[in-house]
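K.L.:
Could you put together the complete structure from these sequences and hints?
Spelled out, the chains give:
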Amino acid sequence: MSIQFQDRTANNLLVLTIILMSANLYTIFFVAPMVPEQTWAQKIFYIHVPIAWTGFLSYFIVMVAGILFLLKKDPFWDRLGLAAAEIGTLFIVLVLITGPIWATPIWGRPWVWEPRLTTTLILFLIYVGYFMLRKFGGHPERVARYAAVLGIMAFIDVPLIFYSVKFWAPQFQLHPQVEMGQQPDGIFYPFLFSMITFTILNILMLRIRVRILNFHHQIITNNV
Amino acid sequence: MFTILLKKELFVEFRNKEVVLSMLAFGVAVLLIFSFSLSGDPKINHEMAPGLFWTLVILSSSLGLHRLFGQEKDFDAFASLIAAPIDRGTLYLAKWVSGIMFLTVTEFLIIMPFFLFLGLSLPITILPGIGIVLLGNLGIVAVGVIVSGLAMRAKMSAVLLPVLLFPLITPLLIACVKATIGWYHVLPFSQWQFWLLIMATYVVIFSLAGYIFFDHITEE
Chain R
1 MSIQFQDRTA NNLLVLTIIL MSANLYTIFF VAPMVPEQTW AQKIFYIHVP
51 IAWTGFLSYF IVMVAGILFL LKKDPFWDRL GLAAAEIGTL FIVLVLITGP
101 IWATPIWGRP WVWEPRLTTT LILFLIYVGY FMLRKFGGHP ERVARYAAVL
151 GIMAFIDVPL IFYSVKFWAP QFQLHPQVEM GQQPDGIFYP FLFSMITFTI
201 LNILMLRIRV RILNFHHQII TNNV
Chain C
225 MFTILLKKEL FVEFRNKEVV LSMLAFGVAV LLIFSFSLSG DPKINHEMAP
275 GLFWTLVILS SSLGLHRLFG QEKDFDAFAS LIAAPIDRGT LYLAKWVSGI
325 MFLTVTEFLI IMPFFLFLGL SLPITILPGI GIVLLGNLGI VAVGVIVSGL
375 AMRAKMSAVL LPVLLFPLIT PLLIACVKAT IGWYHVLPFS QWQFWLLIMA
425 TYVVIFSLAG YIFFDHITEE
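These protein sequence lines map, in sequence, to chains R and C. Residue numbering for the first sequence follows this note's numbering, starting at 1 and increasing by one per position. Residue numbering for the second sequence follows this note's numbering, starting at 225 and increasing by one per position.
These are computed hints drawn from the structure, not numbers from a lab. Predicted model, so just to flag it, every value in this text is computed and none were measured. All C-beta atoms, glycine included, are put in the ideal place defined by N, C-alpha and C. One or more hints might be untrue.
Cross-link-like lysine-lysine pairs, in silico, DSS-like; alpha carbons within 30 Å at most [claimed, not checked]:
no.	chain 1	residue 1	chain 2	residue 2
1	R	Lys73	C	Lys379
2	C	Lys267	R	Lys166
3	C	Lys241	C	Lys231
4	C	Lys267	C	Lys379
5	C	Lys297	C	Lys232
6	R	Lys135	R	Lys72
7	C	Lys232	C	Lys379
8	R	Lys135	C	Lys379
9	R	Lys135	C	Lys297
10	R	Lys72	C	Lys297
11	R	Lys72	C	Lys379
12	C	Lys297	R	Lys73
13	C	Lys241	C	Lys297
14	R	Lys166	R	Lys43
Computed Cβ-Cβ distance ranges for the label pairs, DEER-style [what the hints assert, rightly or not]:
no.	chain 1	residue 1	chain 2	residue 2	range
15	C	Ser261	R	Asp74	47 to 53 Å
16	R	Leu71	C	Thr279	37 to 43 Å
17	C	Asp311	R	Asp74	22 to 28 Å
Selected chain R positions facing chain C (in silico; Cβ < 7 Å) [claimed, not checked]:
no.	residue
18	Leu125
19	Gly137
20	Arg145
21	Ile161
P.N.:
Here you go:
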């Protein structure tokens, strides 16, 4: 069995992502209006919110892949779960970096125990354990099952973490409660465009990573 | 079958007292650290008591949960156990109930030194506190048995268990501390009943998850 390295869909997606991302950055910096009380700090929200969305979307994919792996025992779902976990964690780390960058000038300090930020941090810590389990869990087939269970448990813990942190310290409910649908078009459309762009980037990264994991699997099982 | 499995867990523990003794010894050591690292002012200790108590419980329980599968792992008996025609969900239930018993016994033994060393006054009513502690134990062990099962055969199981357990039980810890504050500081029930709801939800979700997933965790 030979490995098919060429992936035209991924190549097309890559070109599309480069075009969209360039347009996205141009829109954020030169088209979207300044918010008077926040000035440049607000610009990070066009990046921060979409990467948070893609991070949580990836963790949702980990959960779905975990359920399907436990039901069907097809290793593809394990590889999809691992790829989504890696990409999700990358985005979640970026959320944890961009959040404090915005918070420092606006709230006057980089970190407060705000529910969304705290939920993100706790999820990140759960996924640190997830990767440790992947690394040190023992036999690969067993680790795949363990990782699927942990991926499901991590996601069902999210609403409980969010609501417990929300009511734990009401004084920290500082996160902007904005309805994007009620924002002026000048803010709403660039924001929506950024969300779509990062979602496509996420799909592209997921596709490439799953292919790499498939190759890796083929090589270690000597099917090449 | 559940009764037989539970009896087995209790009998093994009664014989070597491994889980309870390890939790108790570790708990007293942590309590000593608390006593010397805090100001020694009973007023401040009174304010911090609920948080300190649950910190103590969670740190100690991580040690006990690690030993929950210790016997099976050390003597390679787990393969024999799961080879028996036993529903894995029942196996989880037996581990869960026995774990709750061990944790409750440890808490019962450690609660007096806790009040004594930190110079705390005894609460006016005891029963609601017992209820909160039991509900907290149900949640801690519900997740703890799953995590212990996941970490059991890993290379760094002693490290992996707390790394997995602590973030997963964050919502339960918050709810336990808040409910205990409400009870210990005699706040109106309406101010802390919400936290009991969070605890109960957590217990239901994760005990069901454990019952369902234990089959996949224990599969060879």
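K.L.:
Could you run down the list of hints and mark each one as holding or not?
P.N.:
Hint by hint, here is what the structure shows:
no. : hint                           : result
1   : R:Lys73 / C:Lys379             : 24 Å, holds
2   : C:Lys267 / R:Lys166            : 28 Å, holds
3   : C:Lys241 / C:Lys231            : 14 Å, holds
4   : C:Lys267 / C:Lys379            : 44 Å, violated
5   : C:Lys297 / C:Lys232            : 15 Å, holds
6   : R:Lys135 / R:Lys72             : 23 Å, holds
7   : C:Lys232 / C:Lys379            : 27 Å, holds
8   : R:Lys135 / C:Lys379            : 9 Å, holds
9   : R:Lys135 / C:Lys297            : 20 Å, holds
10  : R:Lys72 / C:Lys297             : 29 Å, holds
11  : R:Lys72 / C:Lys379             : 27 Å, holds
12  : C:Lys297 / R:Lys73             : 26 Å, holds
13  : C:Lys241 / C:Lys297            : 16 Å, holds
14  : R:Lys166 / R:Lys43             : 26 Å, holds
15  : C:Ser261 / R:Asp74: 47 to 53 Å : 52 Å, holds
16  : R:Leu71 / C:Thr279: 37 to 43 Å : 39 Å, holds
17  : C:Asp311 / R:Asp74: 22 to 28 Å : 25 Å, holds
18  : Leu125                         : 4 Å, holds
19  : Gly137                         : 5 Å, holds
20  : Arg145                         : 5 Å, holds
21  : Ile161                         : 5 Å, holds
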